[in-house]
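Let's have the full structure, built from the sequences with the hints guiding it.
If you're matching them up, the sequences are chains A and B in order. Going by this note's numbering, the first residue of the first sequence is number 1, and it counts up by one from there. Going by this note's numbering, the first residue of the second sequence is number 1001, and it counts up by one from there.
Rather than coming from a laboratory, the hints here were simulated on the basis of the structure.
Mimicking SDA-like on lysine to any residue, the simulated pairs with C-alpha atoms at most 25 Å apart in a straight line are:
#	chain 1	residue 1	chain 2	residue 2
1	A	Lys129	B	Thr1026
2	A	Lys129	B	Asp1021
3	A	Lys39	B	Leu1059
4	A	Lys129	B	Asp1023
5	A	Lys39	B	Tyr1084
6	A	Lys39	B	Ala1085
7	B	Lys1150	B	Ala1180
8	A	Lys39	B	Pro1069
Listed below, chain by chain, are the residues.
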Amino acid sequence: MNEIDDQLRELMPRMRRFAVWLTRNPSTADDLVQSSLEKALMAWGDKREEGDLRAWLFSILYRQFLDAHRRSRRYGRLLELFTGGKDDHYEPSVERTVVAQSTLAAFERLNTEQRALLLWVSVEGLSYKEIAEILDVPIGTVMSRLSRARQALRQLSDGEITTPSLRILK
Amino acid sequence: MITLPPSERDLHAYVDHQLSDADRLTLETWLAAHPETAEQVQAWQLDAQSLRAALSGGLHRVPNPELDPTYIRQRMRRNTYRHYATAAVLLVAVSIGGLSGWQAREMTLASNVLPMADAVQAYRMFAVKDDMANDWNPGKTSDAQGWLDKNFAQADRLPNLEAAGFKPVSGRLSSTEQGAAAILVYQDNDGRKLTFYIRPPGPLNRPLPAGSRRDGELQADYWSGAGYNYAVVSRADDPASQIARQALRQPI
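This is the structure in structure tokens:
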């Protein structure tokens, strides 16, 4: 049990970082990590021995996030019926857009799956095969989605560089 | 092995270090001769690098003690206990509800069914008239107990009320919803009567606690034993009957 806990503790910063980039909110992120850890501890026996623990934990975290997201969207729609308010899409603040590094700002604006994909591939260095297992799709699909995510990041990064200068000129 | 010109997938795999050494070398040689594609690949590599750099700060957040596995385990255990406790409380609540409902039902039933009401009715039918048809009388056999035992397995011994002046004079079988019953009429020299009644336990199918109750001018003394309920019904205010009832209290 101590060995398991030590492994989890070691991967904790990576889980928290991934959760922050999924939720884009540090405190929600920790809640997500907490519920994912509970799930992981409960399902520990089902974990495949040879599999990468990090990929397994990411997979749990990602599914937990999607479930929670789906629930809150459903709740949001319900709320909308009463308040007539529009869906609260994430929009980076003007300040953040100007200040943040262009790549990071562009990354923020990608959709959930693209953020997860780029983080897994470029930052965590997971293999395509591991990602295919997390997303439960063929490797070919992972690669085409990755390609789209990269193009999107590229385009957004270019856009971010020009936006502030346009402001200054105005 | 990759083929040249490389597919876009091969280029991504190159950026992500997922090509074999041989493929990587082949691709690098090809890229050297194709600067436009090389530039594209480099842009992706730069994006990946800046992303790694930008996100590296996220690894150094202040630890959150609530995320420690030990704490999470404790929390899970607490939640499990809480679930068990909730389940137990629910179970107790449901059981109390069920039991009190059942109790209320029994009380309602019991209040509707007076103990040994049929014994009192039988008295009124068979003991009041002298010329009722009967299944047993001392003319057939002198042994009332033998007649009773023939019809009821393990029936109690008939009360001996001779000391009070009462002797069995006739017996009659009848039936109840639960099975056969019998009434035995006792009479004394002055023509006063009391009856002994035997029947299977009533609708609630449970033995009666010994007791007595008054029903109009009659009194029923009842008890249970060996699978049957018994009652002795007599006139409540008649002194001779009172003596007989006292004799009943002696062990039968």
